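Asks: Guided by the hints, dock chain U onto chain H, whose structure is given.
Number of protein chains: 2
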Amino acid sequence: MTTVDAHTPANDSNERKPGWHKGYVPGPEGSRADLRVPVRQVHLTNGQHVTLYDTSGPYTDPTVETDVRRGLAPLRESWIIGRGDTEEYAGRPVRPEDDGLKHTSPRGGLLRGGDGDLRGLDAVFPGRPRQPRRGRDGRAVSQLAYAKRGEISPEMEYVAVRENVSPEVVREEIAAGRAVLPVNVNHPEIEPMIIGKRFLVKVNANIGNSAVTSSIEEEVDKMTWATKWGADTVMDLSTGRNIHTTREWVLRNSPVPIGTVPLYQALEKVDGRAEELTWEIYKDTVIEQAEQGVDYMTVHAGVRLAYVPLTARRKTGIVSRGGSIMAAWCLAHHKESFLYENFEELSDILASYDVTYSLGDGLRPGSIADANDEAQFAELRTLGELNTIAKRHDVQTMIEGPGHVPMHKIKENIDLQQEICEEAPFYTLGPLTTDVAPAYDHITSGIGAAMIAWWGTAMLCYVTPKEHLGLPNRDDVKTGVITYKIAAHAADLAKGHPGAQEWDDALSDARFEFRWEDQFNLALDPDTAREFHDETLPAEPAKTAHFCSMCGPKFCSMKISQDIRREHGGSQEEIESGMAEKSREFAASGNRVYLPIAD
Amino acid sequence: MTTVDAHTPANDSNERKPGWHKGYVPGPEGSRADLRVPVRQVHLTNGQHVTLYDTSGPYTDPTVETDVRRGLAPLRESWIIGRGDTEEYAGRPVRPEDDGLKHTSPRGGLLRGGDGDLRGLDAVFPGRPRQPRRGRDGRAVSQLAYAKRGEISPEMEYVAVRENVSPEVVREEIAAGRAVLPVNVNHPEIEPMIIGKRFLVKVNANIGNSAVTSSIEEEVDKMTWATKWGADTVMDLSTGRNIHTTREWVLRNSPVPIGTVPLYQALEKVDGRAEELTWEIYKDTVIEQAEQGVDYMTVHAGVRLAYVPLTARRKTGIVSRGGSIMAAWCLAHHKESFLYENFEELSDILASYDVTYSLGDGLRPGSIADANDEAQFAELRTLGELNTIAKRHDVQTMIEGPGHVPMHKIKENIDLQQEICEEAPFYTLGPLTTDVAPAYDHITSGIGAAMIAWWGTAMLCYVTPKEHLGLPNRDDVKTGVITYKIAAHAADLAKGHPGAQEWDDALSDARFEFRWEDQFNLALDPDTAREFHDETLPAEPAKTAHFCSMCGPKFCSMKISQDIRREHGGSQEEIESGMAEKSREFAASGNRVYLPIAD
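From first to last, the protein sequence lines stand for chains H and U.
When the count follows the numbering used here, it moves up by one through the first sequence with no breaks and lands on 622 for the last residue.
When the count follows the numbering used here, it moves up by one through the second sequence with no breaks and lands on 622 for the last residue.
It should be emphasised that the hints constitute simulated quantities derived from the structure, not laboratory data.
Some clues are possibly wrong.
Copies of the same chain look alike in the list, so a pair counts if it works inside one copy or between any two.
Stated by the list, open to error - Pairs of lysine-lysine residues, derived as DSSO-like cross-links and limited to a Cα-Cα distance of at most 27 Å, are as follows:
no.: 1; residue 1: 434; residue 2: 338
no.: 2; residue 1: 292; residue 2: 358
no.: 3; residue 1: 518; residue 2: 432
no.: 4; residue 1: 306; residue 2: 358
no.: 5; residue 1: 338; residue 2: 518
no.: 6; residue 1: 434; residue 2: 518
Keep in mind that this is a model prediction, so the values were computed, not measured.
Isolated chain H (complex conformation) (with noise of 0.2 Å):
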């Protein structure tokens, strides 16, 4: 992408046009034919384009037919089946339970839901029939396990395209845990994208339904809704009735991995009573979800006998759900975790679907007070060892981080993290920087989660401004993902990552040159950045004006940078660019200047 001049024809028109397109990026030379990249392509006004890295799948191409009961396309089915190393098998049957169900009725077969009080869609997901795969005699199917070998596969191909790196450096970074790629191999419908502090900064959005909110659709919606605003994973952390059937209908839409905490689930069977919670109920959990195709699990192994504790003093305690539930646990039994005492077999059914461990941190700090204390990182050292087992059984591993952390202790935090888990990407929640702010903790942890991400977080959950008081709604959910973009762009461009700063540079180059359609469709949020502007001056002559609503038409300063640049550093294109002439327009009284910002 080059430096745009200025008034080029196609800037008078007075025309709107389509902002941008779905595009697609072909892999290199001798690449497959089925390798497709999917990009933003952004049409500026003066004939050049922008592209931008884009995960909103197949529902912003219209040239695909989409269809929430059919499920999307399974892209890397081919890609999965010509390996050779898994097969089909006929799964775990569904139980009324699955879905919070207590009754039993006639059901049976691996693709039905519940059928109790549903909600929106149907009970049962009525896309093609399909049967689980897993590994051939429960052997590591991972990106781990191949990159290990020396094997560079379509999946790290096609992500090689998307961050603009060569395929061998996807391979070795996965080979040395320093990123993941998580693709179950029952999610063939997804479009594969990498997690690691070398690539660029992920996003991750939460949906969920819950005890008494939500339909089926809702989350649906909100999961499609998430990734067109531009969030790289979703996690279905739904904790109410139907969460077997909820997480079916997710999946099979989903262009984005999907993560989940399986033990939620678990908990719902043993009717919230986390003390009857046993490892086989989990296990059975854990392979329920990994047949359908969850592609990351949050699992809370970290939290011991030992550390609960440490806990006991703080000012709030333990916050993270799972954390609670497995302290509970413990607790009531007086003996270890059952996930820590069983996360070598664990590991094993992991690597069997290539499911990726995301380390929960169910010690993480519920506020300022509690950052960095003893139990958190008492848990992030049992973090580090089950790192190195996990990879030690080819499961992909990333870590999960804090929370509440004022900014001084942030760097420590991810630091430490770092050193004790040999660089596994970092996932964090927020952090949020200060606990005063309920209804604005998306800014609150927006701040944190940029920093962290400069030092080297991988991916960032997202926070909305819903957090701590309800349930995010669809307008929620997209603030949080807009802040969270803004958090790992800012620190794409803090990091120096190649291209980041391309993006930056077409939108300034268009807000100097007046073009308010580019800046409008090279805005994270176009709709917004077009309804703000036109609050002001809604009329259409003024997406070409020469002038904004900050100064009126009087005067213009853009103007006189223009003068600057001709008389002491412009080329004589630039002297004899179609500037003049639209400038004049304004001249008769004064040309006074656009100012971004008002000093």
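Replies: For chain U alone, kept in the frame of chain H given last:
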């Protein structure tokens, strides 16, 4: 403030009580009787209370009757007169062009406003008649002059109470030029505040009418609205008509220091033609505003002729309005800036009213690409030189900063400013950490603001969601102020400002103990916090319920944390506290946990 025990009887009441009231803290023993520092006293349902810094002025005191037509009481008048170093004088006559009006009409007297197409309030401010005041024989009557002489003024005592430090610390910081206490002798209505890195980080909000929008009434309303939400100072950046009269209404009703950019009004007086500006017109405008009571003025004296060509190759040229006006003047005349040339005389004028300099960064970057470039740093070195001159003339001085700066260049920026300007207070706009999110620049800049304030910025100039797009309305002003209060408080925490964490601790205690009303009342924005909670669980009993919409009523995790505390760490009082009683209500269904953050 101490940690709050759970569930004293007061907590069980469902009755909605007023959440806070305006209180006043007297000066130390032996202090003057009229020194009463306003605070916000938040009443907790457990009978305790939390004292917070308050910027809202008499408007939130139900015992004070305010009337915008009368103005606020001149609290400091007796202090100013008592010093005996100032005198009243006739003052400069107000002219039609002060309000941007060309026709001459019969008018006169200091307080007559414009009589053109005023909208909203009257043309002439109807409050008590007053004469302007200045230092006898042009002497310096600034807080800096007093501090250098070792004198502790009532204003210094006042801010010492406000900041919870000794008056001597205040005096030292001012004398060293590390802090400013902006108090024009003609603005006796304000409640003194201090700006310096040793003190709480402050926030400025911009208001101001423009050629196309806003009435005087709206601007006065925006000012009180901004201070209600925590703005520590307000800049009136009006550029349209009725500048003089609007400012008069704002000043007479403002409890916080008012800043301006005199160049804006001077430009109006020459009908927007930068080249027609003269030192005489500028000086006259400064005196006009100083007589009205403007507390600090942005002066772009660092934009020197030689620096203008340095901006020619920039991506976004000069984006500061003041900077581009001065650059245009320098270019038109090919002469050194009249502000730079007359800086010593200007300083004498400011010192005689105690107007504080805010040395403007006219060459600040307007895009990521231009951050920390040669033009910016050349100007900064000149600001350092001017800072030394200003202090020699006893003028309090702060230095304005960027702008657009990616995260990894922020520290370099402030470190250089602190070095070159001998730790003079830095007053920064953001900085914005990316250019790609118009409509969310309160967030792109809130990130940079929090970081730069942690590293030493004394005051943050807010940015609203409308930045780059249009004029902020009331909602935008609130969003901007709240975002920046978050950044400022996050920085206070990171700097370890004494007492800053007590606020977070009180809110976290309330959260842990399910004291919902206390959470709301302690929040930076109680209204929105309550509204968001009620969206999901509107009924009044939910305000005292031991659960929330995130998990529903079936289970309790704070309960689990309480169990842990009881078993491992709690005192006997805690075990016997009312918690047990409350918890039993939910025990039958499994004691589910309140979870601030889903994982």
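Asks: Hints first: check each against the structure and report whether it holds.
Replies: Hints, one by one, checked against the model:
1. Proximity of residue 434 and residue 338 under a CA criterion of 27 Å is satisfied intra-copy only: 22 Å inside one chain copy versus 33 Å between copies.
2. When the C-alpha separation of residue 292 and residue 358 is checked against a cutoff of 27 Å, the pair qualifies only within one copy, where the shortest distance is 21 Å, while the shortest distance between copies is 81 Å.
3. Both within a single protomer and between protomers do residue 518 and residue 432 lie at most 27 Å apart by alpha-carbon distance, with minima of 20 Å and 11 Å respectively.
4. Taking identical chains as interchangeable, the C-alpha atoms of residue 306 and residue 358 lie at most 27 Å apart only when both belong to the same chain, with a minimum of 18 Å there against 80 Å between chains.
5. For the homomeric pair residue 338 and residue 518, the shortest alpha-carbon distance between copies (21 Å) is at most 27 Å, but the shortest distance inside one copy (35 Å) is not.
6. Proximity of residue 434 and residue 518 under a CA criterion of 27 Å is satisfied in both settings, with 15 Å inside one chain copy and 14 Å between copies.
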